[in-house]
Amino acid sequence: MKKKLIVVVTTMIAGCSIFIGYVISHAHTTPQMAIRTYLFLSEHPISALTTGIVENRFQTELDRNSLELQNAKIYSLTRPPLDVSGNHLINVKVIKKGASYYAQSYGEA
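Position one of the sequence shown corresponds to residue 97 (this note's numbering), numbered consecutively onward.
Hints in this document: simulated from the structure, not taken from any laboratory. The model shown is predicted, which means the values in this text are computed figures rather than measured ones. All C-beta atoms, glycine included, are put in the ideal place defined by N, C-alpha and C. Mixed in with the good hints there might be a few duds.
[Unchecked claim] Computed Cβ-Cβ distance ranges for the label pairs, DEER-style:
| hint | residue 1 | residue 2 | range |
| --- | --- | --- | --- |
| 1 | MET97 | ALA195 | 38 to 48 Å |
| 2 | SER113 | ARG153 | 33 to 43 Å |
| 3 | THR174 | VAL104 | 39 to 49 Å |
Assemble the whole structure, with the sequences as input and the hints as a guide.
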């Protein structure tokens, strides 16, 4: 009985580890997934699932020089959540590093 319990617990730990590794490796494969991961981890889980994401070409063109150096683009959220200071989190900067994308708040245009 004790041996069976050890096998079950070990299998569960291995399964959870594989699942977490899969989620982490795929969380930054596209700009949209990076933004949704950023929203989810910054305490906006509902917005992470429901908001639309569009490329903000005006802001990207306006800040083209600095964004090109960082290999970044600006995206806008169609239904932005409120951040900690009470402002809407409208624009998000997405930086591409290697094959992964990373998101951070960018402020308003």
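Q: Identify every previously stated hint that the structure contradicts and give their numbers, smallest first.
A: none
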